[in-house]
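*Asks:* So the chains spell out like this:
There are 2 protein chains.
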Amino acid sequence: WRSRQKNQIYQYVVLKWFLALLIGLLTGLVGFFNNMAVENIAGFKLLLTSELMLKHRYVLAFFTYAGCNMVLAAAAAAICAYIAPAAAGSGIPEVKAYLNGVDAYSILAPSTLLVKIFGSILGVSAGFVLGKEGPMVHTGACIANLLGQGGSRKYHLTWRWLRYFKNDRDRRDLITCGSAAGVAAAFRAPVGGVLFALEEAASWWRSALLWRTFFTTAVVAVVLRGLIEFCRSGKCGLFGKGGLIMFDVSESVATYSLPDLIAILVLGVIGGVFGSLFNFLVDKALRTYSIINERGAPFKILLTIIISLLTSCCSFGLPWLAHCTKCPADAVEQCPTVGRSGNYKNFQCPPGYYNGLASLFFNTNDDAIRNLFKAGTQDEFHMSSLFIFFTAIYCLGIITYGIAVPSGLFIPVILAGATYGRIVGTVLGSITDLDPGLFALLGAASFLGGTMRMTVSVCVILLELTNDLLMLPLVMLVLLISKSIADSFNKGVYDQIVVMKGLPYMEAHAEPYMRNLVAGDVVSGPLINFSGVERVGNIVHALRLTGHNGFPVVDEPPLSDSPELVGLVLRSHLLVLLNGKKFTKDRVRLPPQKVLAGFSPSDFGKSGLGKGLKLEDLEITDEEMEMYVDMHSIVNTSPYTVVETMSLAKAQVLFRALGLRHLCVVPKTPGRPPIVGILTRHDFMPEHIIGLLPHLKASKKAVSMTM
Amino acid sequence: WRSRQKNQIYQYVVLKWFLALLIGLLTGLVGFFNNMAVENIAGFKLLLTSELMLKHRYVLAFFTYAGCNMVLAAAAAAICAYIAPAAAGSGIPEVKAYLNGVDAYSILAPSTLLVKIFGSILGVSAGFVLGKEGPMVHTGACIANLLGQGGSRKYHLTWRWLRYFKNDRDRRDLITCGSAAGVAAAFRAPVGGVLFALEEAASWWRSALLWRTFFTTAVVAVVLRGLIEFCRSGKCGLFGKGGLIMFDVSESVATYSLPDLIAILVLGVIGGVFGSLFNFLVDKALRTYSIINERGAPFKILLTIIISLLTSCCSFGLPWLAHCTKCPADAVEQCPTVGRSGNYKNFQCPPGYYNGLASLFFNTNDDAIRNLFKAGTQDEFHMSSLFIFFTAIYCLGIITYGIAVPSGLFIPVILAGATYGRIVGTVLGSITDLDPGLFALLGAASFLGGTMRMTVSVCVILLELTNDLLMLPLVMLVLLISKSIADSFNKGVYDQIVVMKGLPYMEAHAEPYMRNLVAGDVVSGPLINFSGVERVGNIVHALRLTGHNGFPVVDEPPLSDSPELVGLVLRSHLLVLLNGKKFTKDRVRLPPQKVLAGFSPSDFGKSGLGKGLKLEDLEITDEEMEMYVDMHSIVNTSPYTVVETMSLAKAQVLFRALGLRHLCVVPKTPGRPPIVGILTRHDFMPEHIIGLLPHLKASKKAVSMTM
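Note that the protein sequences, when read in sequence, are chains Z and F.
All residue numbers for the first sequence refer to my numbering, where the first residue is 1 and numbers rise by one.
All residue numbers for the second sequence refer to my numbering, where the first residue is 1001 and numbers rise by one.
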């Protein structure tokens, strides 16, 4: 890497931009395809049911509706359970963990990508209370990973010239771009996508990344815009105005006075409480489901089918509770609507009347949100309808998330929040002049703040969705309040899921009790040292026995005057070296040229996820086991070190800020062995520390605080 | 800090948010005041001159105009030269350097704040080709600093309860908020302000900061909106529609085809070239001016007056070159305008005619930009007028920046860029359908990209100014091209100024040649060690002799078994300790309680800029000089260390990522003195390294590259 020539650098820069372009293009295309497929499948299903309803064949309509949903749900669960279990759920926690440095092969594998795309289409079409936004982020990240590592060897799709990015940083950069592109594609919010990547996804951020991400999301925006322009002429089947959500509240009043602010304050506080309650219940539901899901794929599918049936019953059954409302005389739209989408669903009502609850339930989620956000529709929905819808969506949202289907959390939260906002707006209608559509938007913001704890990105995404800069201060106020309230109860939903999945995520700030510990306290286990020139058998034994990825190398006399820390050697590099079989009979140092002859620098580069050389691949004879190998040329001679008396909090800051994988702990006083131990990501995990030092548990609870 | 109780933490958090609110409020108010003052002063001046012109008293009009300008310019230069020289110029480079860790007292002093505000008002009113945007950023940062350190002791404005933030991080956070608030106030762009702080100003960024900055800028937006609403009823004198720039290009076509893209490509390339040329010439001009300015305040004022006269001559003289144009029959506005602002200035023309060049020159800069951005005005400006205006503004912009007046670069660059864009739009009018107003916007973007090399923030600021999301991709494309082109010539204008001012700014990435050096190579000078218990006289001598801020403490026998690095002690802490006079007759270790008795933790906290204890403040008798002091309790026992063989690039990454001030270099092999040296920010500066190792100079030039 260090010896690269100028033209190679240019090649590298151009390639990186080209990959960003490619990620944007592909994510945009997938996002559009996703929307078109959902609109067509769900549209066809709703059309079929509506026609049967018009003929008053209600039972048949229900079975058609529930049957379609069930088949779609079962298909989604089946591909998810059998092909790529990692594709279940939102995917945002996994992407977040990956960008934090957690390498897990399946998270971004090509099979996950495929299942994510098609599973998400099937899942959303099946009428579940779930969104396609989280899965789009995961999809974007998978696309970026696939491109960044030069295709997939398993599926014989490899491009040699794309294999330039053999290091963590470049991969992470691309995947950050991918996740931003996902948000941009899901919400048509390029700036929101960048801020999402910055605020929620990425753990390390450089200024250069800002620009590259923005470029990617702009490409997504251009692609989507072009395709929607193309579809406007009706060439995309049932894909109409809907699909990509783009809500319009611009008719609402943008001035506000003191009573309005009080109303918004109340909205924010309650929204924060509901949001954190949602997180709490989702966590409980996930823990329950994980017991069921662990029993195997058939159980996963069964669970999905049960939830699907429950959802179908709710969305078909509950509208019967609502009374028919007379169509308003001055309705701009057709009322009641006979076709697929639209504001006024007639459901069981006679001509000239519509069922408000069905307009919400018997629609795609996107259309329901659009109806709720709509300005100037004070009397469209009965209070009772809103209450029923809110309760149903809130509960369904909680029980839906854990099923084995790609499922985003944005849409359920926005849906429940918007309904809640409309309820508050209607209740407080007497003291405020704000439009219920605006209240719905603010309600959605309060729920998003309460569950996801994202702030700036949610704010900008909502701004871009509604295309109205003027309500920025209101949205911010609501987000600030609901996030603060919810933060005093529990963590954000994505952080909860990361913890629940056992992913070793490193927070940017150290826990308070870490200030009272020193690095030496948490170093554990017997340390395995290598000598600079080590017996092959010892190395193979150590590699087999432990799962460690880094080993300290210590030269002792006669190799040096006194014991001296040479540096750190990586498992992957050792495997490559052993594979080269540059062994010697005796313990002698060789000139580096001799050791490295036959290797190219890219051999030691980081290979794709799950593709590196494995210990089992090596074939070493018993005779070779007794020989020696000189590791000096592959040792990192200047690893980052801390003294054992450094506070653990300080070591954590170093570890996290530099994105390390191994941190050497050296003794404070001279005259002892030159290395005390190695800290890895796992050593900083609260569970590990409390396991080592159980007395901390009590004090930890006492000082846990919210900053 | 570590022992704070829970209620203190809450107090701290609440205070931090309250300060963010206060920064937003004050910056918003100052921003509004600034605009109102400029509009009124400049408006009065232009009104006076216009009236004389109408009476055909041209010579008197010129003298009135030039006289007003000169008086205003001289006043601005005088307060700047005599009260706060640091207030001259844009201020963005200084804020950037401060946030990078460069502590320089005068940068953010209260006097700088006052001069910046009034100097900027006077300078902009004086009709110079300069903006108030850069100074607003500096003003915001100064306000934040003033609040963060609890007022100014010099001016007897101190608030005890505001003195919570005795560490670098909190101060930097507040100042980041302040600079974002400044951009938000200058452009009414809250999101743009956040991104500006993120992309250009801050060197370290945390997710929490994102939210706090956004809160601050939203407060600014609310304050500005409220005040403008208030002014709409005409209570603010001549402050009309103008003032805060808010351009409207929404009438222009938002669809584009291939020829348009080619036109934009050409625009971007030439814009990048012009932008980097601008940087080059500004640098030359600054170096020339600094020779004049160094000769003292009268020379500074003289230089300002000369430039003012030159500007007056240009803006009054050049419009005579333009022919009178007949007013368009379908003009929405009054034509020609008799009053202050407006699109069609009559200047010397008979009624029914207007002078296009005067509409640009004989206006405030904001109004000129608004005229250029205006859509649907293809024929308003003659090609020759645009050419003359472009040449004049480009040259005036370059020669204006170095004068001793607060002067922003945004406005000259936008002005020149918009004119250039209109020229290109008119030339390529035959092959493209895009509006000249849109071309002006893209031209401005290309110049901004070419000079400032900011991308996302410029993009979002332009979006927020024009309130049109749809042209995002075009703006991005132009910025990407012009930045890439310009990057291949030279650095961004702010980086250039930072280098020219000799501020030790640390880049996020290491220079390529640093990879071939090791940390031990750049450690220089004799190292001054203290012993854990040191003679007072030695310490005072060392403090007096050197300017170092950190000293390694090494315990030697009999204090320890073998030489051992205890840690690092800071000059400021040593001064506090010496001031406490806990001396002993003999070289003995004392218990920490005894040493620290009489000190409170806040004594060791970082005091306000320029307010710490100084060596001259200490009164130590000769007898005390012979006594000993135990430093163990104030030593940082676990400083960050690197081995001497670590590559300098790697050490730089550590230094920069953690925002260190001192980095200890330890020997690789045991048995040597336990510390080799200390690296500070200055040791990483290219000038220092090349001074030590002159042979690098040639190779550095060869490998300098643009990533």
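These are computed hints drawn from the structure, not numbers from a lab.
Ideal placement from N, C-alpha and C gives every residue a C-beta, glycine not left out.
Errors might be hidden in some of the hints.
Claimed, not checked - Straight-line distance between alpha carbons at most 30 Å, and here's what the computed DSSO-like set of lysine-lysine pairs gives:
no.	chain 1	residue 1	chain 2	residue 2
1	F	K1016	Z	K668
2	F	K1594	Z	K668
3	F	K1582	F	K1594
4	F	K1650	Z	K16
5	F	K1501	F	K1491
6	Z	K650	F	K1668
7	Z	K614	Z	K594
8	Z	K581	Z	K594
9	F	K1650	Z	K668
10	F	K1326	F	K1374
11	F	K1326	F	K1284
12	Z	K594	F	K1016
13	Z	K650	F	K1326
14	Z	K650	F	K1284
15	F	K1501	F	K1284
16	Z	K284	Z	K326
17	Z	K668	F	K1668
18	F	K1594	F	K1581
19	F	K1016	Z	K491
20	F	K1650	F	K1668
21	F	K1374	Z	K16
22	Z	K491	Z	K668
23	Z	K582	Z	K594
24	Z	K650	Z	K668
25	F	K1374	Z	K650
26	Z	K582	F	K1668
27	F	K1581	Z	K594
Unchecked claim - Computed beta-carbon distance windows for the label pairs:
no.	chain 1	residue 1	chain 2	residue 2	range
28	F	S1562	Z	A208	55 to 61 Å
29	F	A1104	Z	I262	55 to 61 Å
30	Z	G502	F	D1103	40 to 46 Å
31	Z	L693	F	A1104	43 to 49 Å
*Asks:* Is K650 of chain Z within 30 Å of K668 of chain Z, Cα to Cα?
*Replies:* holds (16 Å)
*Asks:* Compare the distance between the alpha carbons of K650 of chain Z and K1668 of chain F with 30 Å, and conclude whether the hinted pair is satisfied.
*Replies:* This hinted pair holds, its Cα atoms lying about 23 Å apart.
*Asks:* K582 of chain Z and K594 of chain Z: Cα distance at most 30 Å?
*Replies:* holds (8 Å)
*Asks:* Against the 30 Å threshold, does the CA-CA distance of K1501 of chain F and K1491 of chain F hold or violate the hint?
*Replies:* Holds, because 15 Å separates the two Cα atoms, which is no more than 30 Å.
*Asks:* Taking 30 Å as the top limit, are the C-alpha atoms of K1581 of chain F and K594 of chain Z close enough?
*Replies:* violated (63 Å)
*Asks:* Holds or violated: the 43 to 49 Å window for the beta-carbon distance between L693 of chain Z and A1104 of chain F?
*Replies:* Because 45 Å falls inside the window, the suggested range holds.
*Asks:* Measure nothing beyond the straight line between the CA atoms of K1501 of chain F and K1284 of chain F; if it is 30 Å or shorter, mark the hint as holding.
*Replies:* holds (13 Å)
*Asks:* For the pair supplied as a hint, K650 of chain Z and K1326 of chain F, confirm whether the alpha-carbon distance does not exceed 30 Å.
*Replies:* Roughly 73 Å separates the two Cα atoms, so the pair is violated.
*Asks:* Given the hinted pair K1650 of chain F and K1668 of chain F, is their alpha-carbon gap at most 30 Å?
*Replies:* Since the Cα atoms of K1650 of chain F and K1668 of chain F sit roughly 16 Å apart, the hinted pair holds (cutoff 30 Å).
*Asks:* Quick one, are K1594 of chain F and K1581 of chain F close enough, alpha carbons at most 30 Å?
*Replies:* Judged against 30 Å, a Cα distance of about 12 Å means the pair holds.
*Asks:* Does the Cβ pair S1562 of chain F, A208 of chain Z satisfy 55 to 61 Å?
*Replies:* violated (46 Å)
*Asks:* Would you mind confirming whether the straight-line C-alpha gap from K581 of chain Z to K594 of chain Z stays at or under 30 Å?
*Replies:* holds (12 Å)
In this structure, the earlier hints numbered 1, 11, 12, 13, 14, 16, 21, 22, 25, 27, 28, 29 are contradicted, and the remaining ones agree with it.
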